[in-house]
Amino acid sequence: MADYLVIVESPAKAKTIERYLGKKYKVKASIGHVRDLPRSTTGIDVENNYTPKYITIRGKGPVLQDLKTAAKKAKKVYLAADPDREGEAIAWHLAQALNIDTNSDCRVVFNEITKDAILESFKNPRAINMDLVDAQQARRILDRLVGYNISPLLWKKVKKGLSAGRVQSVTMRLIIDRENEIKNFVPEEYWSIEATFEKGKKPFESFFYGTDKEKVKLTNEAQVNEILKSLNGDEFVVTNVVKKERKRNASPAFTTSSLQQEAARKLNFRAKKTMMLAQQLYEGIDVGKKEGTVGLITYMRTDSTRISETAKTESYEYIKEKYGADYVVGEGKKAKKSTNAQDAHEAIRPTSVLRTPESLKDVLSRDQLRLYRLIWDRFVASQMAPAVLDTVSVDLENSGVYFRANGSQVKFPGFMKLYIEGTDDQTEETTKLLPEMEIGDKVNSLEIIPNQHFTQPPPRYTEARLVKELEELGIGRPSTYAPTLDVIQKRGYVQLDAKRFVPTELGEIVHQLMSEFFPEIINIEFTAKMEQDLDKVEDGQSNWVEIIDEFYRDFEKYLKHAEETMEKIEIKDEPAGEDCENCGAPMVYKLGRYGKFMACSNFPDCRNTKAILKLIGVKCPSCETGEIVERKSKTRRTFYGCNNYPECEFVSWDKPISRPCPKCSSLLIEKKLKKGVQIQCTKCDYEEAAVQ
164 MADYLVIVES PAKAKTIERY LGKKYKVKAS IGHVRDLPRS TTGIDVENNY TPKYITIRGK
224 GPVLQDLKTA AKKAKKVYLA ADPDREGEAI AWHLAQALNI DTNSDCRVVF NEITKDAILE
284 SFKNPRAINM DLVDAQQARR ILDRLVGYNI SPLLWKKVKK GLSAGRVQSV TMRLIIDREN
344 EIKNFVPEEY WSIEATFEKG KKPFESFFYG TDKEKVKLTN EAQVNEILKS LNGDEFVVTN
404 VVKKERKRNA SPAFTTSSLQ QEAARKLNFR AKKTMMLAQQ LYEGIDVGKK EGTVGLITYM
464 RTDSTRISET AKTESYEYIK EKYGADYVVG EGKKAKKSTN AQDAHEAIRP TSVLRTPESL
524 KDVLSRDQLR LYRLIWDRFV ASQMAPAVLD TVSVDLENSG VYFRANGSQV KFPGFMKLYI
584 EGTDDQTEET TKLLPEMEIG DKVNSLEIIP NQHFTQPPPR YTEARLVKEL EELGIGRPST
644 YAPTLDVIQK RGYVQLDAKR FVPTELGEIV HQLMSEFFPE IINIEFTAKM EQDLDKVEDG
704 QSNWVEIIDE FYRDFEKYLK HAEETMEKIE IKDEPAGEDC ENCGAPMVYK LGRYGKFMAC
764 SNFPDCRNTK AILKLIGVKC PSCETGEIVE RKSKTRRTFY GCNNYPECEF VSWDKPISRP
824 CPKCSSLLIE KKLKKGVQIQ CTKCDYEEAA VQ
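Take the sequence shown: its position 261, counting from 1, is numbered 424 in the working numbering, and each next residue is one higher.
In case anyone wonders, no lab produced these hints; they're calculated from the structure.
Where hints are given, some of them may not hold.
Here are the simulated DSSO-like cross-link-like pairs (lysine-lysine), alpha carbons at most 30 Å apart as the crow flies [as the list claims (entries may be wrong)]:
| id | residue 1 | residue 2 |
| --- | --- | --- |
| 1 | K378 | K407 |
| 2 | K435 | K818 |
| 3 | K720 | K782 |
The following label-pair restraints were derived from C-beta to C-beta distances [claimed, not checked]:
| id | residue 1 | residue 2 | range |
| --- | --- | --- | --- |
| 4 | G224 | I583 | 17 to 25 Å |
| 5 | G740 | E810 | 17 to 25 Å |
| 6 | E810 | K662 | 43 to 51 Å |
| 7 | D649 | E389 | 51 to 59 Å |
| 8 | S815 | D649 | 22 to 30 Å |
| 9 | S821 | H724 | 48 to 56 Å |
| 10 | N807 | E389 | 53 to 61 Å |
| 11 | S528 | H616 | 42 to 50 Å |
All figures in this text were calculated on a predicted structure; none of them were measured in a lab.
Note that beta-carbon positions come from the ideal geometry of N, C-alpha and C, so glycine has one too.
Sequences and hints are given; from them, build the entire structure.
Set out below in structure tokens:
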């Protein structure tokens, strides 16, 4: 029998770590938590300082018994759960179950699953950090008190299967507030004047700036016509030239939140998928006989952008060899640490920069490789020198009317040679070169075009935008974003339309009840302050019982008031205007997890249901008798098919449009691109310019 027992959460990690530690160590997995609050009751003794009543999780009895047997035979037990609050709590629960002294040096933490990191961590074991345990326990208790008291109320007053959580409720508020902004938005007219000038047979673009060097906002056509009338001919004079050198710094290596955002933008990954793949890369991949299974990235739940000196040194050497010494970042660049950072975690980075994405093509799945490449590129770019851009601003005047032209040129690409951070609106900095101009030069306008515009409402939230908003507001923590976004979809509170969150009728009903009866739960400032208070528990500055008690005293009053005064809401079935093809009874609209659907009013005797078909006004090109309708796949992705299905099996992921191809008369579709929508023919090479 081995002398030492090491307990980790994941079986995937266990084999790798055991190989690194050698024959004296036996590594076993707890497979996550072994104890938790009971599912059938709240499990919190409110009258006794909110004492949690933990039980062994159903199905974990044999696992726990196996660990107890192994622990009795070992000289020493090390608890090596993940290096965060959750991991510390798992270690504490294991210590309680296995009768291990929490003050002994039984806790081992490591930020990456590599041989050097593992061996180093076992040289420095420590006691279990009870501040971290209390911080996790306080969040768990708080969420249990909210969820297990409000959810049954919603079941009773609205419908079964609903839930209300602390972070979930504020997330729904953000989505619904944004939807209300869009509904109440009143567009405002504004204008712009775009001009094309020529200098030495080199055309360049410019935009109206103002008159007499005062910036002017164009609000109507009459104002625009007045300005155009005041112009005297096509000749403009250069009145000002400003040249500047601008540095653009690389974004820091990923945190959990920024990884979720960038993977959504660049890879079209949902937050849940990003975290699942990152977990696989962290726990270890078999990279071949030479190294075997090794963790490819550092721990993926982190708020820190700190980079270890070893990783910096290795990256500098790689960059110097690959790109040259000029591309290595200068001294003095310090990582920012989030005010919410759990501890001295590192940023998410490759465990070795020498394991390039190209070298792992044969051992990673397509999606694993794409995420690894994103992490690798971002990290290496973060250690590269800033990009240097030459910017030019030129003012051109005619009869007191000023146009301004801006241009830039990359003088030194720096980190941009490898990686440029994505943006939510998919716009990237483009290089526009201007011809050389000096004050007093004369240029001619080739074309001056006025354009009418209307202000647009704020966009609905994508996953990336919503994660960014939650982080900036201090709501929840990065590790909670993916499960929160997942649960509001599973509960049917939101739908995804063109990858943007749209609240359902059910979501709005629940939010309205929460607003009326539990205003503190959906209050953004209150929730953010609660997160800060819970972080103080982690730092040893606050007592978790006092924080929970302060919250619960008010919450109990709100709960009692809601139980007494909240009226039952009946979501009435609306007539669908057609009869059931199975039994002849009228069909009605019902509200389900994913919104409304049609069902037979003769339920449960007849269980016929149908999706509500959304006609798009296009005849089916296949059978020529049916209509194209919008449908949803099992993964809630929109596609288009014939309403004569299954007789006609026409299907398209791209939206068909009503007019035929002018070249071959075939079906035209709307193809979604990164920078807009393009009309394309399904048969020939006809296509139209993309429209934003």
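Subject >> Hints violated by the structure (numbers, ascending) >> reply: 3, 4, 6
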